[in-house]
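Undergrad: As a plain string of letters, each chain reads:
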Amino acid sequence: MAEGTDLFERRLGRDDFLKLAAVGAGAGLLAGPAKAAEAARARLLAESGRLQVLDWAGYGNDGGQAMFAAYVKKHPKNKPQFTYMTNESDALAKMHAGLKPDIFRPYVGWVKYFAQSGLVEPWNPKLIPSFKNLNPFMVKAGQYKGKQYGIPEDWGFDAVLYRTDKVHPKAKSWSLLFDERYKGRIAWFDDLNMLVIAGLLLHIPRPWHMTDAQLEKAQKFLISKKHVARMIWASETDMDNAFASGDIWIAYAWPNDWVQMKAKKLKVAYMRPKELPVAWVGMLMLGKGTPRRRLAHAYADAWSSVPSAKWLENNYGYGHANTKARPTSSDLLRALQLTNPKAVTEPNAHLDRDIPRRAVYARKWEEVKAS
Amino acid sequence: MGRGQGVLSVPEAQARRRRLRLDFTTPVLLGLPLAWLAVFFLVPIAIVGAYSVGRLSLDPGPHTVTLAAWHDFLHSPIYLKLFWKSVKMSLIVSIVVVALAYPLAYYLALSGTKRKYVLLLLLIAPFLTSYLLRVLAWKVILGNQGVINSFLFSTGLRSPDHPISQLLYSRFAVMLVLGYIWLPFVALPIFVTLESLDRRLFEAATDLGASRWQTFRRVTLPLSLPGVIAGFLFVFIPTLGEFVTPSLVGGASGYMYGNQIVDLFGTGFPDWQTGSVLALFLLGVVALLTIVFSRFLQTREVTAG
Amino acid sequence: MNVALSRRGAWVLRSFFALVVIFLYAPIAILVLFSFNDSQLPSFPLSGFTLHWYHQFLVNADLRSALETSAVVAAISSVGAVLLGVLASIALVRRRFRLKAPVSALLLSPLVIPYVVFGISLLLFFHAAGIPRSILTVVIGHIVISLPYTILVLMPRLQQIDVSLEEAAYDLGASRLRAFRSVTLPLLLPAVVSAYLIAFTTSFDEYAVASFVVGTRSTFPIFLYSALRFPNQLPQVLAVAVVVITVSLAVVVSAEVGRRMAERRLG
Numbered sequence: 001m002a003e004g005t006d007l008f009e010r011r012l013g014r015d016d017f018l019k020l021a022a023v024g025a026g027a028g029l030l031a032g033p034a035k036a037a038e039a040a041r042a043r044l045l046a047e048s049g050r051l052q053v054l055d056w057a058g059y060g061n062d063g064g065q066a067m068f069a070a071y072v073k074k075h076p077k078n079k080p081q082f083t084y085m086t087n088e089s090d091a092l093a094k095m096h097a098g099l100k101p102d103i104f105r106p107y108v109g110w111v112k113y114f115a116q117s118g119l120v121e122p123w124n125p126k127l128i129p130s131f132k133n134l135n136p137f138m139v140k141a142g143q144y145k146g147k148q149y150g151i152p153e154d155w156g157f158d159a160v161l162y163r164t165d166k167v168h169p170k171a172k173s174w175s176l177l178f179d180e181r182y183k184g185r186i187a188w189f190d191d192l193n194m195l196v197i198a199g200l201l202l203h204i205p206r207p208w209h210m211t212d213a214q215l216e217k218a219q220k221f222l223i224s225k226k227h228v229a230r231m232i233w234a235s236e237t238d239m240d241n242a243f244a245s246g247d248i249w250i251a252y253a254w255p256n257d258w259v260q261m262k263a264k265k266l267k268v269a270y271m272r273p274k275e276l277p278v279a280w281v282g283m284l285m286l287g288k289g290t291p292r293r294r295l296a297h298a299y300a301d302a303w304s305s306v307p308s309a310k311w312l313e314n315n316y317g318y319g320h321a322n323t324k325a326r327p328t329s330s331d332l333l334r335a336l337q338l339t340n341p342k343a344v345t346e347p348n349a350h351l352d353r354d355i356p357r358r359a360v361y362a363r364k365w366e367e368v369k370a371s
Numbered sequence: 001m002g003r004g005q006g007v008l009s010v011p012e013a014q015a016r017r018r019r020l021r022l023d024f025t026t027p028v029l030l031g032l033p034l035a036w037l038a039v040f041f042l043v044p045i046a047i048v049g050a051y052s053v054g055r056l057s058l059d060p061g062p063h064t065v066t067l068a069a070w071h072d073f074l075h076s077p078i079y080l081k082l083f084w085k086s087v088k089m090s091l092i093v094s095i096v097v098v099a100l101a102y103p104l105a106y107y108l109a110l111s112g113t114k115r116k117y118v119l120l121l122l123l124i125a126p127f128l129t130s131y132l133l134r135v136l137a138w139k140v141i142l143g144n145q146g147v148i149n150s151f152l153f154s155t156g157l158r159s160p161d162h163p164i165s166q167l168l169y170s171r172f173a174v175m176l177v178l179g180y181i182w183l184p185f186v187a188l189p190i191f192v193t194l195e196s197l198d199r200r201l202f203e204a205a206t207d208l209g210a211s212r213w214q215t216f217r218r219v220t221l222p223l224s225l226p227g228v229i230a231g232f233l234f235v236f237i238p239t240l241g242e243f244v245t246p247s248l249v250g251g252a253s254g255y256m257y258g259n260q261i262v263d264l265f266g267t268g269f270p271d272w273q274t275g276s277v278l279a280l281f282l283l284g285v286v287a288l289l290t291i292v293f294s295r296f297l298q299t300r301e302v303t304a305g
Numbered sequence: 001m002n003v004a005l006s007r008r009g010a011w012v013l014r015s016f017f018a019l020v021v022i023f024l025y026a027p028i029a030i031l032v033l034f035s036f037n038d039s040q041l042p043s044f045p046l047s048g049f050t051l052h053w054y055h056q057f058l059v060n061a062d063l064r065s066a067l068e069t070s071a072v073v074a075a076i077s078s079v080g081a082v083l084l085g086v087l088a089s090i091a092l093v094r095r096r097f098r099l100k101a102p103v104s105a106l107l108l109s110p111l112v113i114p115y116v117v118f119g120i121s122l123l124l125f126f127h128a129a130g131i132p133r134s135i136l137t138v139v140i141g142h143i144v145i146s147l148p149y150t151i152l153v154l155m156p157r158l159q160q161i162d163v164s165l166e167e168a169a170y171d172l173g174a175s176r177l178r179a180f181r182s183v184t185l186p187l188l189l190p191a192v193v194s195a196y197l198i199a200f201t202t203s204f205d206e207y208a209v210a211s212f213v214v215g216t217r218s219t220f221p222i223f224l225y226s227a228l229r230f231p232n233q234l235p236q237v238l239a240v241a242v243v244v245i246t247v248s249l250a251v252v253v254s255a256e257v258g259r260r261m262a263e264r265r266l267g
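Chains as they are written, first to last, in the numbering used here: chain A, 1 to 371; chain B, 1 to 305; chain C, 1 to 267.
Accuracy of the hints is not assured; some may be wrong.
In the BS3-like style, the derived pairs of lysine-lysine whose C-alpha atoms are separated by at most 25 Å in a straight line are [what the hints assert, rightly or not]: (1) A:Lys-288 / A:Lys-100; (2) A:Lys-225 / B:Lys-88; (3) A:Lys-225 / B:Lys-85; (4) A:Lys-369 / B:Lys-85; (5) A:Lys-225 / B:Lys-81; (6) A:Lys-220 / B:Lys-85; (7) A:Lys-220 / B:Lys-81; (8) B:Lys-85 / A:Lys-226; (9) B:Lys-81 / A:Lys-226; (10) A:Lys-126 / A:Lys-310; (11) A:Lys-262 / A:Lys-183; (12) A:Lys-264 / A:Lys-310; (13) A:Lys-126 / A:Lys-77; (14) A:Lys-183 / B:Lys-88.
Hints in this document: simulated from the structure, not taken from any laboratory.
All chains should be modelled from the sequences, with the hints used to inform the complete structure.
TA: The following block contains the structure:
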């Protein structure tokens, strides 16, 4: 079923037609019309077309080319075609709307959700040579019911980025995102994770499993503090731009944002809150019924390889699940604790995890934005 | 045909035949446009209604018709407040824009300038170019390192450490941009109304001893009110449901009612029922306004030249 | 003596008009300025002249594909809108029937519906009907949106066309269709062209409804919207902006001028 519709959906370029014609003609000369038809059909049914990748900004042709350069070299005819997702909710919405990516990248908190959703199928790690070098803790986090649904790649933290020349935090805490003194200079993240952060600040013991009463509290807190937020960013580059131009001094941000701002010669610090940062691990997932299974595995392998891992760490300030890769800068190594295979979990950080009542959290967050 | 036709004369008979022939072409003519609108405009709205009461739902499985979503909406402190916020913003934009557009239309219609249609076209033309691109232009202008601020820095009027920061990502930005977008268009109905005023009224007023200002206040302004109201509605109604501009330049505080509707449909955990309620509420308000002020929105006010 | 405006009043208003026109065109001028500026960031001071961004966007395949998609959608939906508009206008102008007021209200009602509501209603409709989102669904939505505009352009012109010309044709034995083709249509043509162009520019620029019902291919406004959220593409986008605005201004102006000239000549 998926094969048939995909054949029609794929737009054959003029080149494809010419090549098909050539193949058909050549085969026809050699082997007669029936054989020619067979050959042409076989070629069509083989994996072809561009690899459809649904990914975050910065991981596509807008800067992340080094991560999949090896793939492009080996499969120049199946170069990835990117659609961008601003977060997993957005990806989900796009897939409901009919987008059928071969690969997309939700993060570790969503593994269970997507595995159960019917939108993805498990990988075959045997087809990914670099798989064996991936951090076993993270590999386990990408499994559901024993099957490998997510291949861990990038990892890092959610924490608070701030301008050291303009901001003097009272404590190393998430509370900086809600500091009245910097009203109008703060950027929140457009994601229901803000509720989790509020939960952490309010000392709610398991913020990913809040009861209705606890959710009310967290929501009330956010609503009461909303006036200090200048922006609630969905697009990372939006936030980067606002930060770089000085519209924002404090932001809910990722390590790469810290790297970018330092590159722009701003005086910034990436704070480790005492309530612990949230940690995330990016999980490449395989779209169900993809007609480019092997190509997708090749792409995942390119992403998982040591050179790619090193590039990511050196250029984006993110960790990479490949344990054999070390960034060249030892500062970065220390700052991100890249030598600690369990850096992403307690007692170092709160690993993002499945939120069983995610739909309820989503509504509560929408209400915060509406207030 | 022929002499034995009875009481009708020949021309009358022909006219009557024509009228009879006329009568069933009207459904044929109107059939297609009305059918198109019925299927792709009225039915979809009805479907929104169905979603809002749970008759249709995104989740499979049994669902009951219920007014719970409407009840929650009307009793929630959040949604009506957001709606009211959008109403206030739209009101401000609309009033300012109408106030600015009136003198423009007045000048074009009543100053006797020879090139009024050229100038009118000059005024309207930006409205007919890309909306998003004009919003983009303002994003470029308003940022901390945008045109306004960098100009102020380079001329030394402000130091680079103290840019005017509240220009972008604020309610002000949203209202400014929306006003900019709609200003050209609002002048049109006012112009049409002013242009169609009988000049002899002015002369009569002057003959009766009125000054220009009195003429304006007692004659022109009241008579041009239909055009003013039409112009006001032309900007108020679309602005009320706006979501594009707020999402681009509004930041957290410029979030409007339309944004919430989009968010309720667009995220990965869409709540189509609540979203439908919000959408229908907006539609209801707009429909009410349109009906109440319908005599100002007559076709003849709008069709210019 | 002008009874509505004194000399001073006229001077004040003229200056105000000039100021407003400057205000309206200044942002567009700024777009033009920075599209030639040799810098990633549009801010003063200027960094030198370059045509680099124009070249860049010409080789941007995603952008070209979005422009194509929008052109196709606009072309098709405008044909639909004009066709339906002609039919409706004839009925409204030339025929007498009872329910004229509500019918014309219905035909013009897409003008007042907030696009967010209409977009959502189409989304839900297509979902309920099982119709997958695609270029077709966008075309359908755009026909609805453009229909009132075409009617508003066609109706006045139709009213201007002397009905006795058509009646003369009937008297000469022409069928209704023949009369329309030979008499009405040629006289209506300038307005038809104008209506088509207005529908085209409306559809080409339309973001809100398209964003709800588009499938996997982007239209140009949708591409633009996401480009706006990725400001590293900003200079290219500025270049595109300038080109699109220039072209649409040229189209609009020449359409209006052309229409007036043609109508004056046709009478």
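Undergrad: Does the alpha-carbon distance linking Lys-220 (chain A) and Lys-85 (chain B) stay inside the 25 Å limit?
TA: holds, 19 Å
Undergrad: Holds or violated: Lys-81 (chain B) with Lys-226 (chain A), Cα cutoff 25 Å?
TA: Measuring from Cα to Cα gives roughly 15 Å; hence the hint holds.
Undergrad: Please work out if Lys-126 (chain A) and Lys-310 (chain A) have their alpha carbons no farther apart than 25 Å.
TA: holds, 23 Å
Undergrad: Has the given pair, Lys-262 (chain A) with Lys-183 (chain A), been kept, meaning a C-alpha gap of at most 25 Å?
TA: This hinted pair holds, its Cα atoms lying about 23 Å apart.
Undergrad: Is the hinted pair Lys-225 (chain A) and Lys-81 (chain B) satisfied, with a Cα-Cα distance of at most 25 Å?
TA: Given that 25 Å is the threshold and the Cα spacing comes to 17 Å, the pair holds.
Undergrad: Please verify whether Lys-126 (chain A) and Lys-77 (chain A) have alpha carbons no more than 25 Å apart.
TA: With a Cα-Cα distance of about 24 Å, the restraint between Lys-126 (chain A) and Lys-77 (chain A) holds, given a limit of 25 Å.
Undergrad: Can the restraint linking Lys-369 (chain A) and Lys-85 (chain B) be considered satisfied, given a maximum Cα separation of 25 Å?
TA: holds, 13 Å
Undergrad: Would you mind confirming whether the straight-line C-alpha gap from Lys-264 (chain A) to Lys-310 (chain A) stays at or under 25 Å?
TA: holds, 22 Å
Undergrad: Going straight from one Cα to the other, do Lys-225 (chain A) and Lys-88 (chain B) come out at no more than 25 Å?
TA: holds, 22 Å
Undergrad: Quickly compare the C-alpha distance for Lys-183 (chain A) and Lys-88 (chain B) to 25 Å and report which way the hint goes.
TA: holds, 23 Å
Undergrad: Compare the distance between the alpha carbons of Lys-220 (chain A) and Lys-81 (chain B) with 25 Å, and conclude whether the hinted pair is satisfied.
TA: holds, 16 Å
Undergrad: Just to be careful, I want the Cα atoms of Lys-288 (chain A) and Lys-100 (chain A) compared with a cutoff of 25 Å; is the pair within it?
TA: Measuring from Cα to Cα gives roughly 8 Å; hence the hint holds.
Violation of the numbered hints given earlier is absent; every hint is satisfied by the structure.
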